[in-house]
Every structure is written in C-alpha cells, then in structure tokens.
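K.L.:
Here is what each chain is made of, one letter per residue.
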Amino acid sequence: MTPIVSDPSCFPLPDDQRALIRWNIYFGFAMLAVGVLFGLGQALDYAHINIFKYYPGIRTYYQGLTIHGVLNALVLTSAFANGFMALTTARGLGRPLNGFLLRASFWTLVIGTLLAGYAMAIGKASVLYTFYPPLEAHWTFYLGLALVVVSTWLTSAVLLVALRGWRREHPGERIPLLAFMSIATYVMWDIASAGIAIEVVVLLLPWSLGLLPGSDPMLSRTLFWFTGHPIVYFWLLPVYVSWYGMIPKQAGGALFSDTLTRVAFVMFILLVPVGIHHQFADPGISPGLKFAVAFLTFGIFFPSLMTAFAVMYALEIAGHWNGGKGLVGWFFRIRWSDPSVCAQVLAMCAFLLGGISGLMNASYNMNLEIHNTTFIPGHFHLTLGTAVGLSYMGIAYWLVPYLAQKRLWSPRLALVQAVSYFVGVLIFARGMMWGGLEGMPRRTALSIATYSLPSWRIPGLLAAAGGTIMFASVILFFFVLVATILSRGTVQIADIPFTETVQTPSEDGWQCRLDQFHYWVFAALVLIAIVYGPFVARHLPPTLSARGFTNY
Amino acid sequence: MERYEERFLLAAALVLMLFLGALAYSAFAMHIALPSPHGMIHYSADQRLRLILRKTPPFDHPGVREVAPGRYEVVVVAYAWQFVPDEIEVPAGAQVTFIATSADVIHGFFVPGTRINMMLIPGEVSEFSYRFRRPGKYLLLCHEYCGELHQTMHADVVVK
Chain A
1 MTPIVSDPSC FPLPDDQRAL IRWNIYFGFA MLAVGVLFGL GQALDYAHIN
51 IFKYYPGIRT YYQGLTIHGV LNALVLTSAF ANGFMALTTA RGLGRPLNGF
101 LLRASFWTLV IGTLLAGYAM AIGKASVLYT FYPPLEAHWT FYLGLALVVV
151 STWLTSAVLL VALRGWRREH PGERIPLLAF MSIATYVMWD IASAGIAIEV
201 VVLLLPWSLG LLPGSDPMLS RTLFWFTGHP IVYFWLLPVY VSWYGMIPKQ
251 AGGALFSDTL TRVAFVMFIL LVPVGIHHQF ADPGISPGLK FAVAFLTFGI
301 FFPSLMTAFA VMYALEIAGH WNGGKGLVGW FFRIRWSDPS VCAQVLAMCA
351 FLLGGISGLM NASYNMNLEI HNTTFIPGHF HLTLGTAVGL SYMGIAYWLV
401 PYLAQKRLWS PRLALVQAVS YFVGVLIFAR GMMWGGLEGM PRRTALSIAT
451 YSLPSWRIPG LLAAAGGTIM FASVILFFFV LVATILSRGT VQIADIPFTE
501 TVQTPSEDGW QCRLDQFHYW VFAALVLIAI VYGPFVARHL PPTLSARGFT
551 NY
Chain B
553 MERYEERFLL AAALVLMLFL GALAYSAFAM HIALPSPHGM IHYSADQRLR
603 LILRKTPPFD HPGVREVAPG RYEVVVVAYA WQFVPDEIEV PAGAQVTFIA
653 TSADVIHGFF VPGTRINMML IPGEVSEFSY RFRRPGKYLL LCHEYCGELH
703 QTMHADVVVK
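Protein sequence lines, in the order shown, are assigned to chains A and B.
Its first residue numbered 1, the first sequence is counted upward by one per residue in my numbering.
Its first residue numbered 553, the second sequence is counted upward by one per residue in my numbering.
Since the hints were made in silico from the structure, they are not lab data.
Quick reminder that beta carbons are idealized off the backbone N, C-alpha and C, glycines included.
Treat the hints with care, since some could be wrong.
Short, incomplete list of chain B residues facing chain A, as computed with Cβ under 7 Å [what the hints assert, rightly or not]: (1) M670; (2) S681; (3) Y697; (4) H706.
Quick list of simulated restraints, FRET-style, between CB atoms [to be verified]: (5) P621/B with N50/A: 40 to 50 Å; (6) L561/B with K53/A: 49 to 59 Å; (7) D638/B with L352/A: 36 to 46 Å.
Sequences and hints are given; from them, build the entire structure.
P.N.:
See below:
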C-alpha cells in the first residue's frame, strides 16, 4: 500500500465534496423510502389484500409497481453507487475529486428523478421499470431516465479524471485496490449502459415527442436487456467493493489475495453481453444465440463463486484472529455485534440463495418453468433486494455516521433491523419462488384478477407476510438513520474502514496488465460485437411501425 | 492457501461445465426447445396491426385445426385484454403446436403446469409445440404487463 493510502491524515477530501457525497446517499435512501411504500402494497396484493385504493393519487397497482421499480432499482442504486464509489475512489487514490463534475452528477440525478417522478405521479408512465414499447409513456419519463443514466456517466468521469491525475503522480505504480474496484465498476457500467441509452435517446424519447412514427418492440427490448443484465453488476459491484475491501477489516481480519479480487472485477467488465438470457422466451432470437448466451451467463457465475471463496476466507481469517477455533468456530467470532458486519454477512447468505436461483433462471430451457412468474421477483429480492439492499443498509451504518460525523443511534436497534429484514426476505422469497413454480404470474394485480389457482394461496400468504416484515424492517432502518442524522453532538470519525491484503499486489508480471483497463474494454467490445452484431445488423434500420398504446 | 484457492476455482469451473452439459443434453438430445424465430409480420406505422392480421394467414382464422392425424395447430391472436379464441379444446396426447402473435402491445402466453411459456411481440410470430398428457382444464394467461386490465387476460385450454 502506498503511504498516502494507509495514512488517513493524508486524505484531503474537501468538505463540499463530502457534503455532495452525503446528499447522494441521502437522496438515494429517500427514494428507497418512497419505493418501499408501494412494495408493501404489492406484497399484500399476493394475499388478495388490496390496499392500493387507499394510496392517495395512485390509480392502479401498476402505477405503484412502476414507482417501486424505478425508484428502488434505478434511482436508489444510481445515487448510492455515485456517492459511494466517488468516496472510495477519492480515499483509494488519496486525492480530492473534480468538484464541478461531482456537483453536475448529483443535480442531473435529482432533475432526472423529478422528471420521471412527475410522469409516474400523474399516471402517464405506468409502463413498469422495463417500459417495453409499444406501451408509451410521457416524454418526461424517458428524459428523466436518460438523465439518471447521464448522472452515472458524470460520476464515471469524476473517477476517471481522478485516476488520470493519480497516474501522472504515480507512474508505474499499481492502482490501489479500493480505487481499482470502484473504477472497474464504472468502466463496466460505461459499456453496459450504452444499450439503454441508445434505446431511450434514439428510439423512445423522439417517439414520445412525436418525432418518430412508431417503435420497434423487438429491437427496443433487446437494447433494454443489453443493459438490463449488466445493470445488476452495477448494483452489485459497489457492494462487492464493501465485501472485498471493507468487511474483512470490519470483521477483524484481512483480505487474502489482491490478484484474485482484481481478476473477479475484470471478469465483470469482460462478460457484459449476457442480457439475452432475459429473452429466452422471445420469438425472433435463434436458439443457437440463446445457448451461447446461457454459456456466457454461466461464465459470469464464476467471479461470484470467486467472491464466495475470497470473502468467506477473509471472514475466516477474521474469526481466527478474533480467537475463533476449529472448522466452524470462526463463524461465531466475526463481530456479529457490529450491525454493519451483521447486515452484510446476512446479505451474503441471501446472495447464496439468490445466486443459485439466478443460475436456474439462466438455465436455457429450464427458464420455461419460471419465466415471468413470481419466481423471478423472488430471486431478485434475494439479490437486488437483499444482497444489495441489505448491504446498502449495512454500509449506511458506518457511512452515514462517517459522512455526518455523528454517532450511530442505537446499534442494537440496527442489529434488530438487519436480522428482521433477513428473516422477512427468506419468508417472502420462499413464497414468491414456490408460487412461481406453481405458475403464479409476476407483475399482475392478483387480488383483482379474474383467474386464480388454489396452489397459489399459501405462497401468496407467505409473500405477503414476508413482505410486511421487510417493510417494517426498512421503517426501522429509516428510524435509526434519521435519529442518527438528527442526533445532537458530533464525533470525529477520521477514516473509512478498509482492509489490508495478505498477498499484496505484485509489482511486475502479468498482474500489472489487470490495471490497464483499455485491454479489457477492447476485449469486451469484441465479445459484444460477436454476440450482438448479427442480431443488430438484421434489425437495422429499426421498423418503427408499432404505434404507441397508453391503455393503463 | 493458494492451493485451496486453485482447487476451489477448478471445482467451480467443473460444476458449471457439468450443468451446461446437462442443459445441452436436455436441449439437443431430449429436444426441450425454446421459442425461436418463426417469421415476422411486416407493416408500417400508418397501418393498424390488428387489421393487417385479419388478412395475414394463419391469423386471419384463429382457432384449432387438425392438420394431420394426432397433430393440431392452435392459432391465437392476443389483444389487450383477451386471447382469440378464448376457449381452446385439444385431445390429450396429441401433438399441439401453438402459433400466436400480438395485435397491439407485448403479451405473454403461459400455461401454468406446463412448459408453454413464450412472449408475444407485435410483428413477430411465436410458436411452441407441446403434448398435453393429462386431460383437464388448463389456464392460459397473459404473464406480461399489457395495460390496466392485464389481470383479466386469460383463456381456457380444455384437454379431453
């Protein structure tokens, strides 16, 4: 480690930048708060309890579902990644960021969210967060989403400008691991976000403004899922930064291998083009391409298995250093009493189940058993909802005190929150997955549906019960968070927690290539051209023949 | 420790390859296929797709047809928010090929308890073959959000 990285007194993050990062995090969590209000309604709907009619200004289940998806899956995640990765990059490189770009990123995100939020609130964008045309939303919805993506690009520019400055001052040195992971996350996302950006800016926004005659449903869908799968890496990788880079330290241990960590992140940059596995049930895509993408999707499972190994080993080191004995004794000595550790280790446990169920989704023809059933939201509430969501909360338990220079209000309540959320999601996901295997459709207002199967009853009740516990737990989270922010008196928290590695980065050999992002970006672009090239070539120019529908 | 690391990664790769092998076997030896390209319906933005479909075979005559002994074709057009036809009767054990498309927005075509599960995309023809073994009443439902009354969109499949 370079001296500037191991010595927090050399960490010169200006106060206004720290404030911007803090407001990114607060804004993301505020959007989470709005989003989960609708989550409760959806969960109860599975038990045929319709509370949407009591939501002021909300006309349909689907309007609520759109708000839930957009705010929780798109806005919260962008805001959190923008704030958190800016901080970890600044800290990793030990230098301040470009304040103008940081400010521009934050305000672009806020304006984008307000525009999309306006369209959703007035009921002119009940198209869900996948917004498949020919369902057509108000133009403010598309413009708002485009701005949310632009805000992530601006943050990406913040990180890359900082890296360039650091490289000039440190020629020939390895990029500090914390910064490497953060920047790799945004390099991946810069490539991955191209699909949704082209879809929204070139096809949907002009269409909603009446400048194009129609939409191309098949091409739009494919562009959406081009981004729609790697967007989950964009949700997950900031959490991996915490799992690899911080949790080992917080649990009282160290990360083992620097190289393994970098290889895992590079694999996420390489394996962007796997989105077609969300389209296994689509016509218009050949089985050969679908199988090739299934193969690549299994490939992307590999770095997650690496993570399972590396993070679990780091926890084992921690457990042994804390005096844990034997094969399993270490597990009880990883500072469970720290709510940040507890929440994130439970999030990892959920990710184990989420990962396995994800492999089932990706399993080519097995997908026919579960495509668009509640199995899918069951799966992604374990991954996005918990591996990511509960980790955000766990990170917030040190991050918000650090950013606000306050003491965490009631760590004990925070522990209760983490455990209750975990229990809630296990019940919820059990219900959703069971229901999905029995054919319960997702994205459907089942409480007012004109059909039902008896085998959906108990799974629906479980989903409602689990979802209610999750909701109560998130309320508890906000209670702790707000109480922390409003508490009197400040404390001095000098530094963020981050780990040493047992095997430090090697200064020569092939490992140095890992830091040269341009190799990996080039390789990723080649792979994308091979996977998507023929399909896109066949679909150009776009048909633009599908008229818009606003039947919601 | 590095040895454990290497072994773990090797085992992980092997397990993934094993799963993929099983999938390849099920797909190519057991012929459990996914929906695949079956043609497109060409139209332009100044035409109404639902009117075009009325003149495009086979969608000009939705319904059940016996095309050969023991082989049936079921042609379905999906509208927001109904399937046409909304009652489909086929014999148990017969080879049934569903040919379907959408006349407006994206719809789903899903029969719980079977692997009939495909998307209907305007301008694309979806096809899926299946053999119902057990007689009974099956539910065909739209499992892609298609507007306000999405939750009412279903049909009955009666297997005799």
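K.L.:
The structure should be examined with respect to each hint, and the outcome stated for every one.
P.N.:
Status of the hints after comparison with the structure:
1. M670: With a closest approach of 5 Å, the M670/B hint holds.
2. S681: violated, 12 Å
3. Y697: OK, holds: Y697/B within 7 Å of chain A, min 5 Å.
4. H706: holds, 5 Å
5. P621/B with N50/A: 40 to 50 Å: Holds: the Cβ-Cβ distance is about 49 Å, inside 40 to 50 Å.
6. L561/B with K53/A: 49 to 59 Å: Hint holds: Cβ distance 53 Å, inside 49 to 59 Å.
7. D638/B with L352/A: 36 to 46 Å: holds, 43 Å
Hint 2 alone, counting from the list given before, is not met by this structure.
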